[in-house]
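> Given chain A, work out where chain B should sit, using these hints.
Protein chains in written order, with this note's numbering: chain A, 2 to 172; chain B, 227 to 329.
Simulated from the structure, these hints should not be mistaken for lab results.
Incorrect hints may appear among the rest.
If you only want the chain A side, here are some residues facing chain B, beta carbon under 7 Å, derived [to be verified]: (1) I3; (2) M21; (3) F107; (4) V145; (5) T150; (6) A152; (7) L159.
Keep in mind it's a predicted model, so treat the numbers as computed, not measured.
For each residue, glycine too, the CB sits at the ideal point set by N, CA and C.
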Amino acid sequence: MIFALITIALFTLAAAAIAMSLRNLVHSALLLVVSWAGVAMFYLWAGAEFLAFAQALIYLGAISMVVLFAVLLTRRSLAELDPAIDGKWRGVTALYTGGAVAAVLFGAVLFTPLNFAAGPVRSFTVRQLGEQLMGPQVAAVLVVGVILTVALLGGVVLAAASRRHDKEDAS
Amino acid sequence: MSPLHICLLFSSALFCIGLVGALARSNTILVLLGIELMLNAANINFIAFWRYGPNHADGTGIIFVLFSIAVAAAEAAVGLALVIAIYRHRQTIRLQEANTLKG
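Pulled out of the complex, with its shape left as it was, chain A reads as follows (with noise of 0.2 Å):
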């Protein structure tokens, strides 16, 4: 059980850091994706099974199909690639404040004591889930619905080429 997590774990943390890490955008994007998938057999793992497709569907279907266009849209050549890290000084004073961070939260974690019963796998079925977000958290869902309405109304107007600035960049 701790072996799959620990599995799991390192599976997906190198591929999010060698991401991290890489100078080819598109090889980057999706080693992400499979850092994703590595999140999407955790929730398998911990039993919650809907969200595992859920991530599987949003995360591998949609948004690394998002970024792949977004990487090919954005970028002049094939050859093109993008400098690792801007300067050293830019680099050392991420790794200085992703350290401090790691050691102020790992600390916190190791030195809490979390007592809490580990038993069994037990699964949240996908009907419970339905009458929760049904009942309960109607009004939530709703607002989730408004949000992702306004942001794809807010994408399409940001991304659309007006055609009056085309001209203006061309004269």
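What follows is chain B alone, placed relative to chain A:
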């Protein structure tokens, strides 16, 4: 060390990888992906506490993560639209060159 500790260490490490990526890289898309990693780390925390916490039956953690994933998807869509808009105006997506509003 209990499994809950391991879950929390896992999510802390993932959060820090995302943080370092978001701070060190100058490509806007990679910064956005670093932020997505941090959001995923937060979701792992929710699930870990739901799995090992006392209130397992009401499924609050799962519902919270569902809404968090929905908001993260909206954020990714708007963020990438912004990246494309910036690229159209400036022909670059390096953060250092998108500094018109810098004081």
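> Are there hints from earlier that the structure breaks, and if so, what are their numbers?
5
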